[in-house]
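Next come the chains, spelled out residue by residue.
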Amino acid sequence: MPSYSLRQLAGIVGGELIGDPDVVIEGVAGIREAEKGQITFLANPKYESFLDSTRASAVIANRGGNQSTPIIKVSNPYLAFLKIVTLFSESTLERYERDVHPTAVIDGSVSIGKDVAVGAYAVVEAGAVIADRATILPHVCICKEARIGEDCLIFPHVTIRERCEIGDRTIIHSGAVIGSDGFGYAKEGETHHKIPQIGIVRIEEDVEIGANSTIDRATTGVTLIKKGSKLDNLVQIAHNVVIGENSILAAQVGVSGSTELGRNVVLAGQAGLVGHISIGEGARVGAQGGVTKSIPPHTSVSGYPAREHGLARKIYAAMARLPHMLKEFRKLKERVERLEKGPERGSSTEDD
Amino acid sequence: MPSYSLRQLAGIVGGELIGDPDVVIEGVAGIREAEKGQITFLANPKYESFLDSTRASAVIANRGGNQSTPIIKVSNPYLAFLKIVTLFSESTLERYERDVHPTAVIDGSVSIGKDVAVGAYAVVEAGAVIADRATILPHVCICKEARIGEDCLIFPHVTIRERCEIGDRTIIHSGAVIGSDGFGYAKEGETHHKIPQIGIVRIEEDVEIGANSTIDRATTGVTLIKKGSKLDNLVQIAHNVVIGENSILAAQVGVSGSTELGRNVVLAGQAGLVGHISIGEGARVGAQGGVTKSIPPHTSVSGYPAREHGLARKIYAAMARLPHMLKEFRKLKERVERLEKGPERGSSTEDD
Amino acid sequence: MPSYSLRQLAGIVGGELIGDPDVVIEGVAGIREAEKGQITFLANPKYESFLDSTRASAVIANRGGNQSTPIIKVSNPYLAFLKIVTLFSESTLERYERDVHPTAVIDGSVSIGKDVAVGAYAVVEAGAVIADRATILPHVCICKEARIGEDCLIFPHVTIRERCEIGDRTIIHSGAVIGSDGFGYAKEGETHHKIPQIGIVRIEEDVEIGANSTIDRATTGVTLIKKGSKLDNLVQIAHNVVIGENSILAAQVGVSGSTELGRNVVLAGQAGLVGHISIGEGARVGAQGGVTKSIPPHTSVSGYPAREHGLARKIYAAMARLPHMLKEFRKLKERVERLEKGPERGSSTEDD
Chain A
1 MPSYSLRQLA GIVGGELIGD PDVVIEGVAG IREAEKGQIT FLANPKYESF
51 LDSTRASAVI ANRGGNQSTP IIKVSNPYLA FLKIVTLFSE STLERYERDV
101 HPTAVIDGSV SIGKDVAVGA YAVVEAGAVI ADRATILPHV CICKEARIGE
151 DCLIFPHVTI RERCEIGDRT IIHSGAVIGS DGFGYAKEGE THHKIPQIGI
201 VRIEEDVEIG ANSTIDRATT GVTLIKKGSK LDNLVQIAHN VVIGENSILA
251 AQVGVSGSTE LGRNVVLAGQ AGLVGHISIG EGARVGAQGG VTKSIPPHTS
301 VSGYPAREHG LARKIYAAMA RLPHMLKEFR KLKERVERLE KGPERGSSTE
351 DD
Chain B
1 MPSYSLRQLA GIVGGELIGD PDVVIEGVAG IREAEKGQIT FLANPKYESF
51 LDSTRASAVI ANRGGNQSTP IIKVSNPYLA FLKIVTLFSE STLERYERDV
101 HPTAVIDGSV SIGKDVAVGA YAVVEAGAVI ADRATILPHV CICKEARIGE
151 DCLIFPHVTI RERCEIGDRT IIHSGAVIGS DGFGYAKEGE THHKIPQIGI
201 VRIEEDVEIG ANSTIDRATT GVTLIKKGSK LDNLVQIAHN VVIGENSILA
251 AQVGVSGSTE LGRNVVLAGQ AGLVGHISIG EGARVGAQGG VTKSIPPHTS
301 VSGYPAREHG LARKIYAAMA RLPHMLKEFR KLKERVERLE KGPERGSSTE
351 DD
Chain C
1 MPSYSLRQLA GIVGGELIGD PDVVIEGVAG IREAEKGQIT FLANPKYESF
51 LDSTRASAVI ANRGGNQSTP IIKVSNPYLA FLKIVTLFSE STLERYERDV
101 HPTAVIDGSV SIGKDVAVGA YAVVEAGAVI ADRATILPHV CICKEARIGE
151 DCLIFPHVTI RERCEIGDRT IIHSGAVIGS DGFGYAKEGE THHKIPQIGI
201 VRIEEDVEIG ANSTIDRATT GVTLIKKGSK LDNLVQIAHN VVIGENSILA
251 AQVGVSGSTE LGRNVVLAGQ AGLVGHISIG EGARVGAQGG VTKSIPPHTS
301 VSGYPAREHG LARKIYAAMA RLPHMLKEFR KLKERVERLE KGPERGSSTE
351 DD
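Line by line, the protein sequences are chains A, B and C.
Its first residue numbered 1, the first sequence is counted upward by one per residue in my numbering.
Its first residue numbered 1, the second sequence is counted upward by one per residue in my numbering.
Its first residue numbered 1, the third sequence is counted upward by one per residue in my numbering.
Same shape as in the complex, but just chain A (with noise of 0.2 Å):
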């Protein structure tokens, strides 16, 4: 387990120390299961109460505080706590061995770069390609000639299916299944024939996608998921789609077939999106939303059917309101017809 001084650690993360430069740190953890020894952050506003009482040998914040723990100011604390944590972890090239395991079965064709590592009972079929320092984990299927990155780490379960492309620095968890067919029917009669789903998957560089995920190849053409995107766990991406560049898809978000998402956009969990639409640049979806139409770039919408996001919590405020309302409602329209009988006028009741 390596060391550090606060000192270093201070100038790694480009921040400024306040407290003992001599403090040293063997690790990092939550501020809330922190001991001596270890370094923490404060980056999300609801744990500041935590920051008093952490056992953490120093505390990783946007400003100083007025206790005696040592804190590393900064003004991004998670980017500095990433530093730090990348310190105490090991590479994907250190953690797993380069070697391929004499059980992986690779067809003599199958094109592998340097500092390759294949895990045991790995399959690579006929004609793909693997390139320098990527690492391929136990019981992963690499179907006919699909490609994979330098240095990609693809987790043990994981199915590329044919002809896939996988771009450098690419992670894949486990389970996840990249180019399962489109789901394409033409309806005769009662009848669903399958179209046969001719097209592939192509995920650039540094994309990241989680555990049990779902990408389905195009019918004809390219499902494209853009460099530097991050899908989490369960998420469900159907043929012809394409994601922007940088984007994030939380966990078991849906994104129906042929829609289109510009970069930097943002999916919330379980986030579902029709088909043949366009989400621009920057856009956001909240989670739970069911986004049924086109969203322009920069704005935000959420809920069922998914609108602006300002007005969509109005209505839903609004919506709690709403039995209440309708009885008021009945009491006004009781109060206007004994305004319209006109005579016996004065008597009107208070509602409440």
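Accuracy of the hints is not assured; some may be wrong.
SDA-like, lysine to any residue: derived pairs with alpha carbons at most 20 Å apart [as the list claims (entries may be wrong)]:
{"hint": "1", "chain 1": "B", "residue 1": "K83", "chain 2": "B", "residue 2": "Q38"}
{"hint": "2", "chain 1": "C", "residue 1": "K333", "chain 2": "A", "residue 2": "L332"}
{"hint": "3", "chain 1": "B", "residue 1": "K331", "chain 2": "C", "residue 2": "G342"}
{"hint": "4", "chain 1": "B", "residue 1": "K46", "chain 2": "B", "residue 2": "R63"}
{"hint": "5", "chain 1": "B", "residue 1": "K36", "chain 2": "B", "residue 2": "G14"}
{"hint": "6", "chain 1": "A", "residue 1": "K333", "chain 2": "B", "residue 2": "E328"}
{"hint": "7", "chain 1": "A", "residue 1": "K73", "chain 2": "A", "residue 2": "E145"}
{"hint": "8", "chain 1": "A", "residue 1": "K327", "chain 2": "B", "residue 2": "K46"}
{"hint": "9", "chain 1": "A", "residue 1": "K331", "chain 2": "C", "residue 2": "V242"}
Chain C stretches covered by chain B per the calculated footprint, using a threshold of three residues with CB under 8 Å from any CB of chain B [claimed, not checked]:
{"hint": "10", "stretch": "13–26"}
{"hint": "11", "stretch": "117–125"}
{"hint": "12", "stretch": "153–162"}
{"hint": "13", "stretch": "229–236"}
{"hint": "14", "stretch": "245–252"}
{"hint": "15", "stretch": "260–269"}
{"hint": "16", "stretch": "328–339"}
The hints are simulated quantities; they were obtained by calculation from the structure and are not laboratory data.
The beta-carbon is built from N, C-alpha and C at its ideal position, and this holds for glycine as well.
Position chains B and C against the provided structure of chain A, taking the given hints into account.
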């Protein structure tokens, strides 16, 4: 790669050719991606604007055009497209060599038909039956006494649990789990005791099950997916559910225990159904719809809780006007109050 | 196949027998499918109508009947049913032979207990511990230093990532992923930098995890599933979540990062919870409920955004009346306008 003249293709799909019959077609593609030498199709009116700009050498459509690109005119372009894509695709029997990989672990008691393909590291346990021409890809696990029908196609990493039955020509995509235990417990105090799930899953002929979908075995009896139904990715089918013939379940749909669907039912993406209800023949549930009670035949529902689609649309449209309406309501109450006070009437304010 | 007299079965479940004690029972089945020689049960009042027509030779119920079929009367029919189903089921130790398949790849440093079963092509990496009587089925991947408790049952294609801990008697269904990386990034400009996820998942005793569910490892510290909890299929648990004892999470539920559930919580199907909130002991969330803030103990919520269930029901009932109410509101405004105009009053129109 095969090639066909437009004359040949028009004949195969039974369409009317408008344009040069001697144009040669060597592939198929989407209307936006198609290149010279390829044929494309126009089924979705959204893409009509691409008809003039496509680089395809021909288009399958349900009408003529006034542009120079040849058209094969048919009543169902999607079905004609399917026929043509199929001409340019390998069949399952061609794609996967008809042999059993030496690493497959197949119990001596397994019955294996003719022209079966079994991939690397597949496991087939005692008493299982694999019928003629079935294709079992790498890493598939077929548990004790399971039955796989003729011409089935089982993709990598599928689990088929003990005694489950898969009908002829059924396709199961990677990571799907057929016959996991139903979610059943008997509560005693705070403890949940597991009910052994001793039933099975029966999937009939010509069904397709999407990647990472899960179909639970019955507590007792059968969880049943009837012939011709198509389930997309990440679909959850609970114990003792019945899915009627030719039904369509889009991605991330969930059907709770003992619910029964009639034939030709369509559940759009992320829809959820409670348990112990009936969904009538030809009924449809909109995306994200939350179905809390039985639905009569040929009825469309949507929203949460799911209601008849026409009503649901009116409700969701009305919701958008709710915040404004609450303001107006307050104003109207004030006007009524003024009327009730009497004397100084006449100075009414118009609200907007 | 074992057989029992009704006298024996009534004794085993501690019930009152109404009918012939010498009737012989050779199996169990649902009330609609049961045949002569089988016993069934009636727990859901929805199925009472089948009580008269069932072909079963006996029924477990919480009341007598006036029909000819013998009844075993108990206060908790589902629990009695469980005991009887168990009589007719093999135990895990009987179902899976106690040996290690020769194809299993088990590192020399792995500690393996007594009477363990390990299936074909299972992989167990360095430093892992497998306790007595654990059952590891084919294609399971147990990564470095993971710990599997006594009597665990791990179904095919499960991935248990490095250092994760599985408590005694816990069951994990096919395709589940335990310990995938949490979804954490630090943003710098438009780039998302991955935060190494160096924590673990700890699952306590008597837990059940459904097929293709995903449980992410903590950023630092522990993602914790406490004892007796049951998670259905396709459930997503994010990093640093805590699930309290004996909680029930139905299929396709998603729990976002750092959210904590108390004991005996029930989340119905497709419910989603945002991160960093607390769900009190005994709280319940309805199907598809979207929980946006903490819930006090013993509180039921439903809808989106989730609200106290009684209020939510009123809101959703009121929504159905909203379109009509908007029309009425317009009419009422007109009536008030007429009243305000004054003279020609009296000709009021009744609205419906």
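For each hint, the structure was consulted:
The straight-line distance between the Cα atoms of K83(B) and Q38(B) is roughly 15 Å, inside the 20 Å bound, and the hint therefore holds. Proposed proximity of K333(C) and L332(A) is supported: the alpha carbons are some 11 Å apart, at most 20 Å. With a CA separation close to 19 Å, the supplied pair K331(B) and G342(C) stays within the 20 Å bound. With a C-alpha separation of about 15 Å, the suggested pairing of K46(B) with R63(B) holds against the 20 Å cut-off.
Simply put, K36(B) and G14(B) have alpha-carbon atoms about 23 Å apart, too far for the 20 Å limit, and the pair is violated. For the suggested pair K333(A) and E328(B), the alpha carbons sit about 15 Å apart, so the restraint of at most 20 Å is met. Between K73(A) and E145(A) the CA atoms are separated by roughly 50 Å; this puts the pair beyond 20 Å, and the hint is violated. Our distance criterion of 20 Å between C-alpha atoms is broken by K327(A) and K46(B), whose separation comes to about 45 Å.
Simply put, K331(A) and V242(C) have alpha-carbon atoms about 48 Å apart, too far for the 20 Å limit, and the pair is violated. Under a criterion of three residues with beta carbons nearer than 8 Å to beta carbons of chain B, the stated coverage of the stretch 13–26 of chain C fails, only 0 such residues being counted. With a cut-off of 8 Å between beta carbons, the stretch 117–125 of chain C has 3 residues touching chain B; three or more are needed, and the interface restraint holds. Figure legend: the stretch 153–162 of chain C, annotated as covered by chain B; annotation consistent (3 residues with Cβ-Cβ distances under 8 Å, at least 3 required).
Only when three residues or more bring their CB closer than 8 Å to a CB of chain B does the claim for the stretch 229–236 of chain C stand; here the count is 4, and the claim holds. Counting residues of the stretch 245–252 of chain C whose CB falls under 8 Å from any CB of chain B gives 6; the rule of at least 3 is met. Only residues whose C-beta sits within less than 8 Å of a C-beta in chain B count toward coverage, and the stretch 260–269 of chain C has 3 of them, enough to reach three; the restraint holds. Only when three residues or more bring their CB closer than 8 Å to a CB of chain B does the claim for the stretch 328–339 of chain C stand; here the count is 6, and the claim holds.
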